[in-house]
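> Spelled out from the first residue to the last, the chains are:
Number of protein chains: 2
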Amino acid sequence: MTRQKSLIYDIINKSSDHLTAEEVYRQAVDRMPGIVLATVYNNLNALVRDGLIIKLNLPDKNAHYDKTIPHDHMVCDRCGKIFDAFVSDKLCKDGFINTASSLSGQDIVSYELTLHCICKECQGKALN
Amino acid sequence: MTRQKSLIYDIINKSSDHLTAEEVYRQAVDRMPGIVLATVYNNLNALVRDGLIIKLNLPDKNAHYDKTIPHDHMVCDRCGKIFDAFVSDKLCKDGFINTASSLSGQDIVSYELTLHCICKECQGKALN
DNA sequence: AATAAAATTAGAATAATTCTAAAAAAGTTT
DNA sequence: AAACTTTTTTAGAATTATTCTAATTTTATT
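Chains as they are written, first to last, in the working numbering: chain A, 27 to 154; chain B, 27 to 154.
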C-alpha cells in the first residue's frame, strides 16, 4: 500500500457518490498535489483487481467506482442520476448469490443489478 | 426505416451473440458493401432510443447490443465470456419490475442483471 | 417533378483509458 | 544502514471507442 493507493482507497470509501476516475483524481489532487491521473487509474485498477473496491458498469461512458458493500444501483433514464437501491437483498432468503447459483448452475461470485427508472424529480417535470 | 437501419436491426435479432458496434459493422459490410461505421453507430443509437434493441453495460470497454426479450447476462470474470442467463424471471411471481418498483418506491422501467461467474471451462483449468 | 426533411458518408475530432520509459519510492538482504 | 531488487509513480504519448461536422444522397411530401 503506497500513500497514493491508500489515498484513493480512502476517497472511494468516504464518498457517498459513485465517483469516476476523473472525480477521484480531482479529490486526490486536493489532498496530494502532484499526483497524476495515470496513478489514479493504476490504483483504481489494482484496487478492483484485489477486491477492495468495485467498478460499476453503468450506462455512462465513464467507469464509476464504489465501495464493496453489496447493493444495487438505480439510474434515471431521463437525467442520468445514479443512486443506491436495495432490492436484490430482499428477494431471496438464502441470499442472492446462492439463489442465482442454484438457478443458473454456475459458480457466481458477484452480481450487478442496475435498475433503470424515471426518478421522482423527472416525473415532476413535464415532457418536452 | 432505411435499408441500413433494418439491416442493422436484423443483424442484432438474428445473432445469438452480444455484438459490439464493430462486430455489427463487419456483418453489415458483408451484406451491404459501402456501409460505414458511423452509420452503424447512428442506427444502433436510434434503435436503442426507440426501444427496438438494447444496449448492454458490461465489464468491457465496448458497448454490446442485444434483442429486447428480457433476460440476464453471465460474464466470466476470468475469460470474459458473455452468455445468457435466466434468473431474475424466476425470482418474483409478480414480475421482477413490479417487485423492484414496490421494494424501491421508484418507477422502474427496465433493469440489467449481470452475474459474474467463473465459467465451467475456466473451472476446469488450473490457476496460474 | 419539385421541395423539404432525414439519413448516410467520409473523415476529423473528442475523450476515456492504457502504455512506455525513466525516475522515485518501497521493500529486502546482507 | 548500505546495496540491491522490485514495485510504483510520473509525464506524456498512444490507443481506440464513439461522436461530431459538413457535404451528399436518399427518402418522404407537396
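Because the hints were derived from the structure by calculation, they are not lab data.
As the structure is a computational prediction, the values presented were derived from the model and not from experiment.
From the three backbone atoms N, C-alpha and C, an ideal C-beta is built for every residue, glycine too.
Careful: at least some of the hints might be erroneous.
Covered stretches of chain B, as calculated for chain A (at least 3 residues, CB under 8 Å) [said to hold, decoys possible]: (1) 46 to 59; (2) 113 to 120; (3) 134 to 148.
Every beta carbon over 12 Å from chain B, so not counted as near; a handful from chain A, in silico [stated by the list, open to error]: (4) Lys40; (5) Ile123; (6) His142.
> If a hint holds in the structure, say so; if it doesn't, say that too.
How the hints compare with the structure:
Taking a C-beta to C-beta cut-off of 8 Å, the segment 46 to 59 of chain B contributes 0 residues in contact with chain A, too few for the three needed, and the coverage statement is violated. Counting residues of the segment 113 to 120 of chain B whose C-beta sits closer than 8 Å to any C-beta of chain A gives 4, which meets the bar of three, so the coverage hint holds. Beta-carbon proximity to chain A at under 8 Å applies to 13 residues in the segment 134 to 148 of chain B; the threshold of 3 is reached and the given coverage holds. No beta-carbon of chain B is positioned within 12 Å of the beta-carbon of Lys40 of chain A; the least distance is around 25 Å.
With a minimum CB-CB distance of about 9 Å to chain B, Ile123 of chain A fails to clear the 12 Å threshold, and the non-interface call is violated. Annotated as non-interface, His142 of chain A brings its C-beta within 12 Å of a C-beta of chain B; the closest such distance is 5 Å.
In the structure shown, a violation is registered for the earlier hints numbered 1, 5, 6, in ascending order.
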